[in-house]
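Asker: All chains should be modelled from the sequences, with the hints used to inform the complete structure.
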Amino acid sequence: MTSNINCNTCIIKSSAAKALNSEQLNALGKNCVQIDFKKGDVIFKEGTFSVNITYLREGIVKLHTEGKTSQILKIAKGPRYLGIPTTIEEKINHYSATALEDCHICFIHTNIFKSFIEENKKFAYEIIVELCNSELELFQKCVSRTKNNVYGRLSHALLFFSEKIYETDNFNLPLSREELGNFINTTRESVSRVLAELDSKKVIQIKGRQLKILKPEALKELSVI
DNA sequence: GCATTAACCACAG
DNA sequence: CTGTGGTTAATGC
Numbered sequence: 276m277t278s279n280i281n282c283n284t285c286i287i288k289s290s291a292a293k294a295l296n297s298e299q300l301n302a303l304g305k306n307c308v309q310i311d312f313k314k315g316d317v318i319f320k321e322g323t324f325s326v327n328i329t330y331l332r333e334g335i336v337k338l339h340t341e342g343k344t345s346q347i348l349k350i351a352k353g354p355r356y357l358g359i360p361t362t363i364e365e366k367i368n369h370y371s372a373t374a375l376e377d378c379h380i381c382f383i384h385t386n387i388f389k390s391f392i393e394e395n396k397k398f399a400y401e402i403i404v405e406l407c408n409s410e411l412e413l414f415q416k417c418v419s420r421t422k423n424n425v426y427g428r429l430s431h432a433l434l435f436f437s438e439k440i441y442e443t444d445n446f447n448l449p450l451s452r453e454e455l456g457n458f459i460n461t462t463r464e465s466v467s468r469v470l471a472e473l474d475s476k477k478v479i480q481i482k483g484r485q486l487k488i489l490k491p492e493a494l495k496e497l498s499v500i
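The opening residue of the first sequence carries number 276 in our numbering; numbering runs sequentially from there.
Hints are supplied without guarantee of correctness; some may be wrong.
Cβ-Cβ distance ranges computed for the label pairs, FRET-style [as the list claims (entries may be wrong)]:
(1) N296 with L489: 44 to 54 Å
(2) T443 with N296: 36 to 46 Å
(3) R468 with E393: 44 to 54 Å
(4) I367 with E496: 19 to 29 Å
If you are wondering where the hints come from, they were derived from the structure by calculation, not from laboratory data.
Glycine included, C-beta positions come from ideal geometry on N, C-alpha and C.
Answerer: Written out as structure tokens, the structure is:
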């Protein structure tokens with residue numbers, strides 16, 4: 276149960292962890308736990324105390340706010356870190372993470388993570404790169420949400436799932452209509468209507484959550500970004 | 001004014 | 001949880 280993890284032999288290291296030497300990887304193994312989550316499981320929750328950096332080795336999660344007006348902030352696919360902004364210099368999680376598919380997660384003590392940043396330049400640099408990518412992605416999303424109408428926002432989201440998450444034109448949507456609405460700032464009714472209309476125009480094929488993108492170019496035209 | 005967009009509500013699968 | 005229809009408020013032309 277309390278056996279240490281061997282991070283030296285991990286084949287799904289983050290690009291930052293690849294910069295660690297063997298000694299540091301041993302230290303990392305002693306200061307983290309790996310936990311498997313099932314689809315639908317809560318990984319961490321908004322408002323709770325947090326002393327860990329969360330590393331999503333494998334799987335897909337949604338980062339979201341709690342409450343009646345729940346917003347989906349981001350959909351993330353492993354490998355990548357999840358909780359850096361909500362853990363560094365913060366005691367309380369500012370958002371929740373829920374598994375959309377089965378996930379392998381490593382919880383890493385914030386202290387060892389911080390010490391790596393101090394003692395290993397390459398590690399720190401790779402963390403900055405990841406945070407920069409994340410910010411750019413959010414800027415894009417921000418523009419899409421501000422400049423696009425419902426068609427454009429949904430098109431953007433469908434392309435995002437297709438290109439960034441599943442890397443195929445044919446996949447199952449990981450979200451309900453309601454959640455999709457929360458993701459692109461609209462209502463479940465609008466999502467239903469737009470999906471039905473795109474289907475009737477043969478831009479996509481939608482059956483329940485089964486989605487096939489027939490004309491990605493058409494979706495790109497609907498979205499300004 | 002008139003048309004369009006999208007939210008809100010209600011009700012039926 | 002979804003799909004659809006009616007209603008309505010806001011916005012653009």
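Asker: Compare the structure with each hint and give your call.
Answerer: Taking the hints in turn, this is what the structure says about them:
Restraint check, N296 to L489: a C-beta distance of roughly 50 Å satisfies the suggested window 44 to 54 Å. At about 38 Å, the CB distance of T443 to N296 agrees with the hint of 36 to 46 Å. Between R468 and E393 the Cβ separation comes to about 53 Å, which falls inside the hinted range of 44 to 54 Å. Between I367 and E496 the CB atoms are about 43 Å apart, so this pair departs from the stated range of 19 to 29 Å.
Checked against the numbered hints given earlier, this structure breaks only hint 4.
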